[in-house]
Amino acid sequence: MTIRLFAAILCACLFAACSPPGNGTGTNTSVAPTATQSSAGNGTVTTTLVGGSNSMMVKVSDVTLCSASAYQNEPCVAVTICQHGTSTCQTVSNILLDTGSYGLRVFSSTLSGLSLTAVNAPNASPLGECAQFGSGNAWGSVVLADVQLGGETASNVPIQLINSSYSTHPASCTSPFTSAASAGFNGILGVGLGVNDCPSCVASTVANYYYSCSGATCTASLAPAASQVTNPVSILTSDNNGIALTLPAIGNNGANSVTGELLLGVGTQSNNTPSASVKTYYADAQFSFTSIYNGQSYNSSNLANGSFLDSGSNFFYFPLKLTTECTGSYYCPNAVTAFTASIESSTGSVTTPINFNIANANTLVNTGNKVFNDLGQQTSGYFDWGLPFFLGRTVYVVMTGKSSTLGTGPLWGF
Amino acid sequence: MMRLFLIMLLLLAVIPRESAAALGEHESSSEKDRKHFHGFRQQVNESGSYVLNIISTEANVIREYSNPNGMIFAVTWRGFSHPDLTTLLGAHWAEFNTQHNLDSNRHPQGKRILKMDTSTIKYEEGGRMGSVYGRAYIPSLVPDGVSPEELP
Numbered sequence: 329m330t331i332r333l334f335a336a337i338l339c340a341c342l343f344a345a346c347s348p349p350g351n352g353t354g355t356n357t358s359v360a361p362t363a364t365q366s367s368a369g370n371g372t373v374t375t376t377l378v379g380g381s382n383s384m385m386v387k388v389s390d391v392t393l394c395s396a397s398a399y400q401n402e403p404c405v406a407v408t409i410c411q412h413g414t415s416t417c418q419t420v421s422n423i424l425l426d427t428g429s430y431g432l433r434v435f436s437s438t439l440s441g442l443s444l445t446a447v448n449a450p451n452a453s454p455l456g457e458c459a460q461f462g463s464g465n466a467w468g469s470v471v472l473a474d475v476q477l478g479g480e481t482a483s484n485v486p487i488q489l490i491n492s493s494y495s496t497h498p499a500s501c502t503s504p505f506t507s508a509a510s511a512g513f514n515g516i517l518g519v520g521l522g523v524n525d526c527p528s529c530v531a532s533t534v535a536n537y538y539y540s541c542s543g544a545t546c547t548a549s550l551a552p553a554a555s556q557v558t559n560p561v562s563i564l565t566s567d568n569n570g571i572a573l574t575l576p577a578i579g580n581n582g583a584n585s586v587t588g589e590l591l592l593g594v595g596t597q598s599n600n601t602p603s604a605s606v607k608t609y610y611a612d613a614q615f616s617f618t619s620i621y622n623g624q625s626y627n628s629s630n631l632a633n634g635s636f637l638d639s640g641s642n643f644f645y646f647p648l649k650l651t652t653e654c655t656g657s658y659y660c661p662n663a664v665t666a667f668t669a670s671i672e673s674s675t676g677s678v679t680t681p682i683n684f685n686i687a688n689a690n691t692l693v694n695t696g697n698k699v700f701n702d703l704g705q706q707t708s709g710y711f712d713w714g715l716p717f718f719l720g721r722t723v724y725v726v727m728t729g730k731s732s733t734l735g736t737g738p739l740w741g742f
Numbered sequence: 178m179m180r181l182f183l184i185m186l187l188l189l190a191v192i193p194r195e196s197a198a199a200l201g202e203h204e205s206s207s208e209k210d211r212k213h214f215h216g217f218r219q220q221v222n223e224s225g226s227y228v229l230n231i232i233s234t235e236a237n238v239i240r241e242y243s244n245p246n247g248m249i250f251a252v253t254w255r256g257f258s259h260p261d262l263t264t265l266l267g268a269h270w271a272e273f274n275t276q277h278n279l280d281s282n283r284h285p286q287g288k289r290i291l292k293m294d295t296s297t298i299k300y301e302e303g304g305r306m307g308s309v310y311g312r313a314y315i316p317s318l319v320p321d322g323v324s325p326e327e328l329p
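In order, the protein sequence lines correspond to chains A and B. Using this note's numbering, the first residue of the first sequence is number 329, and each one after it goes up by one. Using this note's numbering, the first residue of the second sequence is number 178, and each one after it goes up by one.
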């Protein structure tokens, strides 16, 4: 595994701007990440990797596995993309690891020399997609590839090639990502609760999602499940029910970067079996659990977007009312401020208070560090527990309909 | 917010309507939104302070708020996907798009929600894949006593 990881990083460096670490001043090593573990200083904080064929290295805002211009709280992995059934492959680093989306998307500009088969819409024209994130749209074609995750391969999985110039993006696909440089990543690996990215597109042409593209013209289209961009973990031959993501704890002033680990599968091997202390938090059909703050519940049934854990959200996005905001509604309290909100299973079976801090966003960013557990921005009516939540925890993700030792998904475990 | 919604429900007057309009336009001036979004529409009279048109589609629920002069001062949406902003923002689409492109290098960089101001509108979007939301409003058209940030 060590050799494989080294090779992966080496490959990653070949495709990313490799430069010396920034202002890191040292390395702190943590063995078993816990919620209470912390580390002061600006260095690199590392989780000891358990390794195995189902292991992938994760680095947050790291100059090698992400890029020299990595943004704050950006978790990155490298994946290897191959022409189906061949050894013609390319490893791409700076892939955003995202528990808030489903499927692999890569900027077409990062690939060269691969001939990937287009997936067709039901009318036999190539399938295009406008994948919508909370903010930002990915436009491009859908193709088939073999995707290597760590030492395991998802064979012939539909992925999206992000390319704003593909055919003609519909005007309604607002301001799609134009380049890896401006987006901040070469691609997105969506390993959240979903297997496909648009279940309702199977039976109806949901506005502004899948398209049939003939030449320069794209029209809204159905997309059968087998044609949709698919969470590659779901079609591994084993370890295919979800993932476990471990990131180390850091101090209130942040770290220059951190190293953690993604394990494929939940309870499928000894290295990804949750301990008895891990609790199960079921998500509902909209993939939401309940957050409770100040007596108010935030779930998908009360005119809001509910509550979710999202490693691809680089802040806590919370509806807290703070009087101290910076421009852009970033939280900017004068001192680090402690909060408590509860996370409750959508079934009501488990409720756990979560303590977290919010610090001054401008002060944090001006430290030059890139990884923070206390960075927040105010939002409207929902709880997005972003990457800061994952620091100091192992979070288990079990996809919808998949069984595990924690129960049948969609569920989170921590 | 929930209380406001409950009050609105109490005042609900469901009137089938055939028209809707974009942000900044008169609510009775166009039929294009409902038709464009292939939705159905309800109108809610909110105690004289504003009128709410709700357009429900398979992909999302769009709410258009018009002031006592009939001008749409705010639009909000929640659902599976974002609506076609070129239609919903109407004449304000171009300035939105220009500002959106300028804001790509924000500092700090919050990546999963977008909040920005143009010279005439305030805009916010966020959420996650499969569950998104957004709002846009024109401060100069907001009726007295209405908090546009609180509108569901």
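In case anyone wonders, no lab produced these hints; they're calculated from the structure. Glycine included, every Cβ here is placed at the ideal spot set by N, Cα and C. One or more of the hints may lead you astray.
In silico EDC-like cross-links for lysine to aspartate or glutamate, where the CA-CA straight-line distance does not exceed 20 Å [claimed, not checked]: (1) Lys299/B / Glu327/B; (2) Lys607/A / Glu672/A; (3) Lys299/B / Asp321/B; (4) Lys299/B / Asp612/A; (5) Lys299/B / Glu235/B; (6) Lys299/B / Glu272/B; (7) Lys299/B / Glu326/B; (8) Lys649/A / Glu202/B; (9) Lys649/A / Glu272/B.
Residues of chain B clear of chain A, computed beta-carbon distances all greater than 12 Å [claimed, not checked]: (10) Ser226; (11) Thr264; (12) Pro316.
Right, here's what the structure says about each hint:
1. With a CA separation close to 13 Å, the supplied pair Lys299/B and Glu327/B stays within the 20 Å bound.
2. Only pairs whose Cα atoms come within 20 Å are accepted, and Lys607/A paired with Glu672/A is accepted, the gap being roughly 11 Å.
3. A threshold of 20 Å between alpha carbons decides the hint, and for Lys299/B with Asp321/B the separation of about 17 Å falls inside it, so the pair holds.
4. Only pairs whose Cα atoms come within 20 Å are accepted, and Lys299/B paired with Asp612/A is rejected, the gap being roughly 32 Å.
5. A distance of roughly 26 Å separates the Cα atoms of Lys299/B and Glu235/B; the hinted pair therefore is violated under the 20 Å criterion.
6. Our distance criterion of 20 Å between C-alpha atoms is met by Lys299/B and Glu272/B, whose separation comes to about 11 Å.
7. Pair hint Lys299/B plus Glu326/B holds up; C-alpha atoms about 10 Å apart against a cutoff of 20 Å.
8. With a CA separation close to 32 Å, the supplied pair Lys649/A and Glu202/B exceeds the 20 Å bound.
9. Annotation: proposed proximity of Lys649/A to Glu272/B is violated, straight-line Cα distance about 29 Å (limit 20 Å).
10. Under the 12 Å C-beta cut-off, the non-interface status given to Ser226/B relative to chain A holds; the minimum distance is some 19 Å.
11. Separation of Thr264/B from chain A is inadequate, the least Cβ-Cβ distance of about 8 Å not exceeding the 12 Å criterion.
12. At the 12 Å boundary, the C-beta of Pro316/B stays outside the reach of chain A, the nearest C-beta of that chain being 15 Å off.
Hint check: violations occur at hints 4, 5, 8, 9 and 11; the rest are consistent with the structure.
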